[in-house]
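K.L.:
Given only the sequences and the hints, what does the whole structure look like? Please build it.
The primary structure of each chain is shown beneath.
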Amino acid sequence: MSDVILEATGLKGGYGPIPVLHGLDFEVRRGEIVVILGANGAGKTTTLRAICGMISTSGSVKFEGQEIINKKPADIVRLGIAHVPQGRGTFPELSVEDNLKIGAFTRKDKDVAADMEQWYEVYPVLKERRHQRAGSLSGGEQQMLAVARALMSKPKLLLLDEPSLGLAPMIVADLFRRFGEINAETGTSMLVVEQNAQLALGVAGRGYVLESGEIAASGTSDSLMNDDVIRKAYLGI
Amino acid sequence: MELFLARIFDGFASGSTYALIALALVLIYKATTLINFAQGELAMLGAFLALELWSHGVPVWFAVILAMVLSALLAAGIERTLIRPFDPKDHLPLVIITLGLFLGINAIAGIVWRFDPRAFPQMFPSGNVIAIGAATLSWYTVCTFLTVLAVLYGLTQLLNRTKIGLAFRGVSSNLESSELVGIRVGPTLQFGWALAAAVGTLGAAIYVADPLRQLEPSVMGRVLIFASAAAALGGLDSLWGTLIGGISIGLVQSVVVQYVPFIPNELSLAAAVIVLMVVLLVKPSGFFGTARVERV
Chain A
235 MSDVILEATG LKGGYGPIPV LHGLDFEVRR GEIVVILGAN GAGKTTTLRA ICGMISTSGS
295 VKFEGQEIIN KKPADIVRLG IAHVPQGRGT FPELSVEDNL KIGAFTRKDK DVAADMEQWY
355 EVYPVLKERR HQRAGSLSGG EQQMLAVARA LMSKPKLLLL DEPSLGLAPM IVADLFRRFG
415 EINAETGTSM LVVEQNAQLA LGVAGRGYVL ESGEIAASGT SDSLMNDDVI RKAYLGI
Chain B
16 MELFLARIFD GFASGSTYAL IALALVLIYK ATTLINFAQG ELAMLGAFLA LELWSHGVPV
76 WFAVILAMVL SALLAAGIER TLIRPFDPKD HLPLVIITLG LFLGINAIAG IVWRFDPRAF
136 PQMFPSGNVI AIGAATLSWY TVCTFLTVLA VLYGLTQLLN RTKIGLAFRG VSSNLESSEL
196 VGIRVGPTLQ FGWALAAAVG TLGAAIYVAD PLRQLEPSVM GRVLIFASAA AALGGLDSLW
256 GTLIGGISIG LVQSVVVQYV PFIPNELSLA AAVIVLMVVL LVKPSGFFGT ARVERV
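Residue numbers (our numbering), protein chains in the order written: chain A, 235 to 471; chain B, 16 to 311.
In short, the hints are calculated from the structure, not lab data. Ideal placement from N, C-alpha and C gives every residue a C-beta, glycine not left out. Honestly, I wouldn't trust all of these hints.
[Claimed, not checked] Counterexamples of contact, computed for chain A against chain B with all Cβ distances above 10 Å: (1) 254; (2) 273; (3) 303; (4) 317; (5) 383; (6) 411.
[What the hints assert, rightly or not] Once the Cα atoms are required to be at most 20 Å apart in a straight line, the calculated SDA-like pairs of lysine to any residue come out as: (7) B/178 - A/292; (8) A/335 - B/114; (9) A/305 - B/190; (10) A/335 - B/200.
[To be verified] Partner residues are not named here, just some residues of chain B that face chain A (Cβ under 8 Å, in silico): (11) 131; (12) 177; (13) 180; (14) 181; (15) 184; (16) 188; (17) 189; (18) 191; (19) 192; (20) 196; (21) 198; (22) 199; (23) 305.
P.N.:
Below, the structure written as structure tokens:
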């Protein structure tokens, strides 16, 4: 099982007394893109927040074999998990450049500047606007920045929370194409939460369908897309 | 004309000290959007520590710097024990704690040093740089202003060029994302408290180092109100705004009292606050504050 990078078993969690997740089992293998699909309120965002220690949880989450449940977010980042939260989570008052720098906050190596240059090549618009406040960027640009910022920490696993939210279809398509490229080039594993099932299954290898805090279906992207019952009930495609 | 110049110089001197205390307020406000009502009392305590060290033979500047370090450590301790256990997003308990600190520190200073005013050693050369008739620009005024500039420059460099500065700005901008990039939020806020206390102590020491003033436990109560007004005027989250805010309030205070006959000296506090209200009505985020505009 050494190729499993993230393994959740019986993961429960919620906000205060309100439980949202009722015991989830899922895994992400090294180098894989996995998507979690589900309607509003199914618990997709909560799942990601549970993984990176932002809410109180119970059950087990193992990252590279190490138990990380109820560790602090700052410690989980240092193990190699980066999170792009819903609504981008950029630092609006900071410049684009500082957003990238702060993404590399946990790194101690000397290649931070070189990595920044690399992201500027991937997203030239970020280079043009590097001295602008991140809050002044458009939604699509902020999402690019959020992804680049998360990857500046050189994570082994990237958590993406509804990256398509509020973006124009063309920008979304480009963004997902990039995810595929980044995954292929760097081998970074990704766990993507999405409502846009068709797009997400297009880049992901496997998927889970979440319904009311429980996993209702799982399988390879092809099998999920070709299963008529699942398609009609959950994916709307 | 001479009188007018004299009032302007006075305004600059007191305005510069308001700016230092305002700067301390802004440092904590930036990180937590909280006004620390105990900031003035912490600064007063720092000034007493400096006076105590000085009276034991430590040279005045060394005593002040040592007191800045001590009050920074004290503030770091306060943050760890009284502030951090509470939810940073819930302001009411925190405001009450800072009010409690205000009263507590004031009482402790009263017990230890009593309420008789004491002379504070001069920190700057005495005498005047220039004298235009009755209007004299003293070394105290010039040095105070230069000190504020130096502190502002140093803080700007610290926040913009160091890693802890980046963490501090990150926490100011987005608390949740700061955790997600691995910033340890607690120690970063603690750093803000320590920095604010050090700046505040410097401000209080310079304020009472004016030969016309003396140090006593309640000396900063008035200053805190002017400094709050200065901070709000400059825009609460702007470092350099405190300079403009502080000087504006200082000038209003000294000029209005001189030239508006129906406002006696006792009402200078009210005059400053009225100016503040008028400015904030026109520009709610102050002169330099960030109006939170964000595209989504």
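K.L.:
Using Cβ atoms only, decide whether residue 199 of chain B comes closer than 8 Å to chain A, and label the hint accordingly.
P.N.:
Where the cut-off is 8 Å and the nearest Cβ of chain A is about 5 Å from residue 199 of chain B, the hint holds.
K.L.:
Restraint: residue 196 of chain B near chain A, CB-CB cut 8 Å. Satisfied or not?
P.N.:
holds, 5 Å
K.L.:
Going by Cβ atoms, does residue 411 of chain A stay more than 10 Å from chain B at every point?
P.N.:
Holds: least Cβ distance 23 Å, greater than 10 Å.
K.L.:
For the hint on residue 177 of chain B, does the least C-beta distance to chain A fall short of 8 Å?
P.N.:
Residue 177 of chain B check fails; min Cβ-Cβ to chain A is 11 Å, beyond 8 Å.
K.L.:
Tell me if the straight-line CA distance from residue 305 of chain A to residue 190 of chain B falls inside 20 Å.
P.N.:
The given pair, whose Cα atoms are some 18 Å apart, holds under the 20 Å limit.
K.L.:
Examine each Cβ of chain B, and state whether all of them lie more than 10 Å from the Cβ of residue 273 of chain A.
P.N.:
holds, 22 Å
K.L.:
With a cut-off of 8 Å on the beta carbons, see whether residue 181 of chain B makes it to chain A.
P.N.:
holds, 6 Å
K.L.:
Quickly compare the C-alpha distance for residue 178 of chain B and residue 292 of chain A to 20 Å and report which way the hint goes.
P.N.:
Status violated; Cα separation ~34 Å.
K.L.:
Verify the interface restraint on residue 191 of chain B: the C-beta must sit less than 8 Å from at least one C-beta of chain A.
P.N.:
Hint holds; residue 191 of chain B Cβ to chain A Cβ min 7 Å, cut 8 Å.
K.L.:
Grab the minimum C-beta distance from residue 180 of chain B to chain A and call the hint holds if it beats 8 Å, violated otherwise.
P.N.:
violated, 10 Å
K.L.:
Return the status of the interface hint for residue 189 of chain B: holds when the least beta-carbon distance to chain A is below 8 Å, violated otherwise.
P.N.:
Because about 5 Å separates residue 189 of chain B from the closest Cβ in chain A, which is inside the 8 Å limit, the hint holds.
K.L.:
Would you assess whether residue 254 of chain A, listed as outside the interface, keeps its beta-carbon beyond 10 Å of every beta-carbon in chain B?
P.N.:
With a cut-off of 10 Å, residue 254 of chain A remains clear of chain B, as the shortest Cβ separation is near 18 Å.
Comparing the model with each earlier hint shows violations of hints 4, 5, 7, 8, 11, 12 and 13; every other hint is respected.
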